[in-house]
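Engineer: Dock chain Y against chain C, hints included.
Line by line, the protein sequences give chains C and Y.
Quick note, my numbering runs 283 ahead of the 1-based positions in the first sequence.
Quick note, my numbering runs 45 ahead of the 1-based positions in the second sequence.
What the hints contain is simulated information worked out from the structure, not anything from laboratory work.
Accuracy of the hints is not assured; some may be wrong.
In the DSS-like style, the derived pairs of lysine-lysine whose C-alpha atoms are separated by at most 27 Å in a straight line are [to be verified]: (1) K214/Y - K405/C; (2) K391/C - K95/Y; (3) K95/Y - K380/C; (4) K293/C - K419/C; (5) K405/C - K173/Y; (6) K380/C - K90/Y; (7) K405/C - K222/Y; (8) K228/Y - K173/Y.
Interface residues of chain C toward chain Y, partial, derived using beta-carbon atoms under 10 Å [claimed, not checked]: (9) L300; (10) G331; (11) G364; (12) C372; (13) F379; (14) C402.
Stretches of chain C that chain Y covers, calculated by requiring three or more beta carbons in the stretch to come under 8 Å of a beta carbon on chain Y [what the hints assert, rightly or not]: (15) 314 to 323; (16) 345 to 359.
Just so you know, even glycine gets a beta-carbon here, dropped at the ideal spot from N, CA and C.
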Amino acid sequence: MALKNWALKKSPWIFHLCTGSCNNCDIELLECLTPRYDVERFGILLVGSVRHADALIVTGALTRQCVPRLKELYDQMPKPGLVIALGQCACSCSIFKGSYNIVGPIDKIVPVDVYIPGCPPKPEAMISGIVKALGKL
Amino acid sequence: MSQIVPIGPYHPLLEEPEFFTLKVEGERVVDMDVRIGYNHRGIEKLAESKTWDQDTFLVERVCGICSTSHPIAYVNAVEDLLELEIPERAKYIRSVVAEMERLHSHLLWVGLAGHFIGYNTIFMWAWKYREPVLEIFERITGNRNHYAMIRIGGVRKDILKEDIPDFLKAMDELAKKNEMLTKAVIDDPVLHARLKGVGVLSKKDAVEYGVLGPTARGSGYDIDVRRDAPYAAYDLVDWQVITFQEGDVFAKAAVRLLENAESIKIIKQCLERLKELPEGDFFVPVEEIPVGEGIGHGEAPRGEVFHYVRSDGSNCPIRHKIRAPTFQNLPSFKASCIGETIADVALITAAIDPCYCCTERMVAVDVDSGKRLFNGQDLVRLCQEKTERIRDKMKG
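Here chain C stands alone, though its shape is the one from the complex (with noise of 0.2 Å):
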């Protein structure tokens, strides 16, 4: 287990997930890759699949029609992982809260260890969520 959290803790590669944001949250985290923020110094690194990644960054307040997908998503998620509850739908379902289509927060569904709340949460306060999960470890 030793050698997997620190191979975990070197470069944590992230995949993004949406389950019914606004996209606001979806188009912070970009943010951090580019110039300004540029993450990617540190080796976080969006990939395109789950597979390959170590921590899944999940947005929005979770969809009918999203729980099965998100459900599956973190059974293919290699273990040890992490997930990161992105943006105050997903910690608590926000505004959206009492609809007929909301099923979330994504707590009910799959175990988080990082909650980011804010609306959308800065890039600042996204990188110290993810170095507080890393911490976690």
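Structural biologist: Then chain Y, alone, in the frame of chain C:
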């Protein structure tokens, strides 16, 4: 023999979940379909359970990128219901925020389009130049996105006089960078070869599909709500509608880049006017919403946003209808993608700047038979049956 290529719903190319099926023969796309609904949050229904003031913040969360256009269209609708005239200062502030949003949205699109064609330099440049816009947003409104700037009867916060010179300076710098970016795209021979003649949407198709915003203006279809039905301060400042005739991806990119320059022009004029107007007069208090209905438009970065509200005199709307531009723009891929190669499909669908979280709709389906419940005919049948019942009652 044709084959089917599925893209999505979770695909590295796509920011949001949606599911495309491409029917291909070799490299050519012969048919295409899209399935949405992964992001449906039931906002129209939720709006009926929230108060008029809360709805401003709810409709903001329809879409993270057009997060001022929706509230503006919504408050236009409510102000139409109220027949309310907002203070001049509020009009200018609304225009400043709306145009800044257009700037950041178009820069974001240019970046993503650059990424799609393998020009990561454009991606990084555009997103770097977008940062000062977000910084100004943070200074004006307190947040980088989701500004919560608009309220019924005006705006929530004032733009302070002492901040205006800084904003003007930032706009001047951005204008230079935008010009550089525009030249880098428009004068690049590789981009000409790559983007010209790809995904052409003719003017006839544009009119038939009812496309909106830069997608329409790139096809020579000259519509812009800001000019055609002015709201906020668009009739008080001097600017132009940009149109191109070609209808290909290049024209759409050029429209957006040149619109950025127009946006900067509008923002600068508005800020100059804000210097002269007295501070503090930026909203009229609204106590009650009477019985009635109202409609409101707004030109979002992607096209016209339309909101309809109906009030029964209570503190919540009893009906709130939203139509976002991508709902109109998206089906135009039937005209622009079919016949193109599969390598261009991602670019052509990206060229309308789709925003799927605005587009989401819901249909009720019977699980056993797989049939749609309540299609158009069913609704007509239900309506006729009700008439029958009433008639029977009256007879009896």
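Engineer: Find the hints from earlier in the document that the structure breaks and name them by number, from lowest to highest.
Structural biologist: 11
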